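This is what each chain is made of:
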Amino acid sequence: MTPLDFARIQTRRSFFRTSAGGIGTMALADLLAAEGRTGQNTDPLMPKIPHFAPKAKNVIFMFMEGGPSQIDLFDPKPELQKWHGKPLPPSMTKDLRLAFIKPTAAVLACPREFKRYGQSGIEFSDYIPHIASCADDICLVRSMYSDAFNHHPGQLLLMTGSTQFGRPTMGAWVTYGLGSESRNLPGFVVLSSGAGTSGGATNFSSGFLSSTYQGTVFRSAGEPILYLANPDGVSSETQRARIDAIRGLNEQRYATTGDEEIAARIHSYELAFRMQTAAPELLDFSKESPATLEMYGVNKEPTRPYATNCLLARRMVERGVRFVLMMHASWDDHTEINRKLKRNCDITDQPAAALIKDLKQRGLLDETLVVWGGEFGRTPMVEIRKPEDADNGGRDHHPVAYSMWMAGGGIKGGQVIGKTDDLGFNIVEGKVHVHDLQATILNRLGFEHTRFTYRHMGRDYRLTDLEGNVVRKMLVGA
Amino acid sequence: MKLKALIFTCLLGGFSIALAQTKADFARDVEPLLRTRCYLCHGAQAQMNGLRLDQGFPSKAVVAGKSGESKLIHRVEARDGVQVMPPVGARLTPEEIGKLRAWIDQGAVWPVHDARPGLWSFQPIRRPAAPALKDASWARNDIDKFVLAKLESESIRPSPEADRPTLIRRASLDLIGLPPTPAETAEFLNDKGPGAYERVIARLLASPHYGERWARPWLDVARYADSDGYEKDLVRPYAWRYRHWVIDALNRDMPYDRFTIEQIAGDLLPKATVDQRVATGFHRNTLTNREAGSSQDEIRFEQLVDRTNTVSAAWLGLTTGCAQCHNHKYDPITHKDYYQLMSYFRSAEEENIDAPLAGEMGAYLRARPEYDRKRAELLGENNVPALQAEWERNIRQAIADPGKRLDWDFWVTSMTAMLDGARKILAMEPDARTRQQAARLTDYFVSNPGPVNAKDPELTKKLRELRTKLQELSAKFPSLTQAQVLAENPAPPKNFLYLKGDYRSPGPEVRPATLESLPALPPSAGEPPRLALARWLVSRENPLTSRVAVNRMWNEFFGRGIVKTVEDFGTQGDRPTHPELLDYLASEFMDRGWSMKEMHRMITTSAAYRQQSHTRPELQGRDPDNALIARQARLRLPAELLRDGALASSGLLNVAIGGRSVRPPQPKGVVELTYGSAKYVESEGAERYRRGLYVHFQRTSPHPQLMNFDAPDSHVACTRRRRSNTSLQALNLLNDPVFLEAAQSLAERTLRESPGKGFADRVRYAYELCLAREPGAKEVETLLSYFHTQERILASDAKGRAALYPLDPGSAAWVGVASVLLNLDEFITRE
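Protein sequence lines correspond, in order, to chains A and B. Position one of the first sequence corresponds to residue 1 (the working numbering), numbered consecutively onward. Position one of the second sequence corresponds to residue 1 (the working numbering), numbered consecutively onward.
Any given hint could be a false lead.
Result set (DSS-like, lysine-lysine): computed pairs, CA atoms no more than 25 Å apart in a straight line [said to hold, decoys possible]: (1) A:Lys94 x B:Lys329; (2) A:Lys340 x A:Lys102; (3) B:Lys404 x A:Lys86.
If you are wondering where the hints come from, they were derived from the structure by calculation, not from laboratory data. Computed from a predicted model, the values in this text were never measured in an experiment.
Produce the entire structure from the sequences given, and follow the hints as far as they go.
Structural data, given as structure tokens:
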């Protein structure tokens, strides 16, 4: 396909012109007919065509906020046993920046047991047997690194490509670039479990892009979207009547002023009304089979909250939601890492694996890119806040070398990318920067990341800032 | 796939041919394209492959008259498999390529005077004479002459004047941010004398709500918020004191030069008043990262970067941020310039001061001795002086010798992040600490007594109780409002250029200086540098400050700046659509003593401003963006004014001006997404109905109604808000209890106040309240039909009726009608 340029396909009018027969045209025609309109006003969320044929249509980002310990989950380091209790060699810790501990802190061996899984024989820790059972679908990156060693800057870098404020997040970029295939749900949805995140709303902000592209927080309990429920006393019948009256008057004003914004407003109200039906339907698991519910762990503790979100994520991508950001906080285990890490794994391991298996059995994994990881990893050294309780130490922030994984969406599973040294301190092979990961994600969605730009304040901005290389090894067919 | 590609290519082909026959204007079509897309690699800074495109042609890339043979065209079209140019960013559009082709085919003429275009915005402001017109009768003032001259040159007539209801609603929303009351509208409609409209403008400019309306765009620029930002995002309980100052300054029409000087360097003015110091709170809106373990040097550096960037954006309209890491790629701002500018702020330290409002001081002074005595008693009873001394000794030791005692290390890290100036206060002898410093340290100790004390459960309990008692005591006594300000450090650290913008890589030393490409700072008689910078910003020789300021005003009044990129007056920004009008306004602003109100008066009384906002189908293709000002614009109200409108029309609005922030109801689940999950305690009583401007702004969890309607996130300066149009906005207006309450109140008010009691009479009154106009017959009909539908449905739904309108369930259908009005596009739009 000829690479298409975004500037040309921003408006509905030019969309018709340039994408005759392209994806989305039919859906759009249906949509317009359904609304009794053939207007030509701009719908910023209309499906758009990226630079080249995409491998993935949707993204589910399991954001593990706080920095999960790669050493205890993904990157076995038996050598640590020998160093346990001793400081690292000074050559390693020269110029080292740490948040809490000093470079002289002692090494903490990993008490976990690692085993090989699947045909590929990738090693995973005993805390995550379910994820491990998906080994052959997983592309495990053991050589991630980031520039930020505190949470909020690290989260900004991961989500926006920069530690500076004001940039759009990945979900906003993707929704801006691809639009939404859903007629009645937002294109970029945020799910949350556990505690709150350091980044808060900056993790799903649209930055300098229009707020049309910001993440919509979807709650798994209570009102799923803010202001979604009708006020007391308003039935769906009176709501419909109300929207019809608003529409009637707006149409009259449109006739007077000729302002396309009014046509867009009418469209927004129609979508809002459909969302009021679609969102509760999304939460209704009654048509899911008992086997499915059990696979996710929806009806038991402690998996329930995360399982609910994972199942919701699948139901969302089925319904055309473009980007699902699932935030789970917090993995920031400065103390009592063994207990706290186990707790988070007990909550998330089974549902995360179920999501992959479920997507796969429904034929959705090929078009859905699943990403799992945090803003950085954790140190091989111990952090002790209470000397009298030194056995219950934790690990400090470690952006120098950590692990993340991806599955589906044109990513080649059953492989490990990169290698760290025997102590898990530095990367020795195949470094993957956060920007490289972002470039790779965009590539799977059909974007040449250097060309996927937005002009703001006199400059072309992009998710990967000025860096980033697609990690070719990760791609199917590479 | 192939077929699609073919169709696509044909479409494109048709395009270029069609456009090649159109005429290309070098200055308008070609030079900006080359400048923004080519010069970076083929300009003054770099000539990749030996190609330079900014010095005119002939050049090896262009064959004059023959676009088909010109390499420039080959490369931008990426024919014959060559690498496409430009290599990054979006590809040139067929329209753009068509313009290039047309220009080459027409001889590739490079106008001599444009051979080395200097940045227009750096040229001195010259007051242009008003242009001659074919027919000047439309013009009401000089603004109109400039606007009309442009329209005449394009053979376009201006739009007719808007009707009076539209005019009064437009002016009211623009000047005070509130819709006119039915009485105000009636008065204007009945005022048949000359100058009726000007009288409305005069009344609005004198209203104390004027300061509230105009504070908001300035607070956007000042990235104002009520919390620190970042992970901890602590509340800043007195951030509002700065907002209060802004509202007050605008209401008093403080000249913009003084407004500038006080905010940049009010603390350095001779005999600075408390208010002048409060003004420097502008710089305290910078975020504070209290994530334990962050580097204090890095935080400080980030804050200086933010201050430098914000001052540049606010006053100079320049994106100097690019020069943090390297010479600006496009604008004449060097890496060195950047750090020279930053140097002005390095010597400024953060300080919190007493900044009492009128009436606070007397009561405070009278009560102070008793308060001090009671506080000392409480502390003494709990042995705090001795415990604190021991704690301080430990902390000081851990600071001096880190890595030895891990438990104390942690407390030091945490304290450094959470207590402003902690290390400085600790290093001082107790007697040398100010009253405020000492109190803050003691309060911190009582809440964070250290690892040893924390292990003593009895003591922990005692201290926790003490903390509550101290808070209760302080709440019982009158206190003084505080303010966050700047204060000059008498022994400032040295200034350096930082390589690649990294605070760990200091380069050569630099001194405070302004941008080299702009007129130099006048020599000052020993004035502190930051004050000199402030005076330089507003000196007549500075070509940017006035232009940038009047352009922002224009953007507010017309929805589009004369320079569209309000935030960027550099080479990458748009050129002014009306350069002479911009310079006229800029010089007029200075000549009128920098009076903002006088500028607002001039703009709002112009014929250009008074035009209708209806779109003109015949201009849609030619001027879709209304760059020619051939009409007014319909502008969706900003988030805060939308709230204000609903509260005002329904009669709920609390009109109090200034003061602390309030927390109107917000749905559950907003703060829960953030790190500390700070409690959101709703304000009570009349506080719930204050204007949107006063809504507490928590940076990591702002009020959703504000965010749904494009309020900026307050992390960096925002000089131009977006206006999105989303379904979340629809849900917000339809279902938010705040707007439902407004609908109930509007219904109640309509039923009670409407002079006529028929359906049409009442609808008419509600229209006056909300839209300042009478409804048309068809509109009444639509509402009546809706009203009947509602009544029919509600007739069998007693519960629904009661829930919708507890006051009078029988009239519940009126709540629906009121809600429809509050949801109208017209209601949330300034027409």
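Results for each hint:
no. : hint                : result
1   : A:Lys94 x B:Lys329  : violated (35 Å)
2   : A:Lys340 x A:Lys102 : holds (23 Å)
3   : B:Lys404 x A:Lys86  : holds (15 Å)
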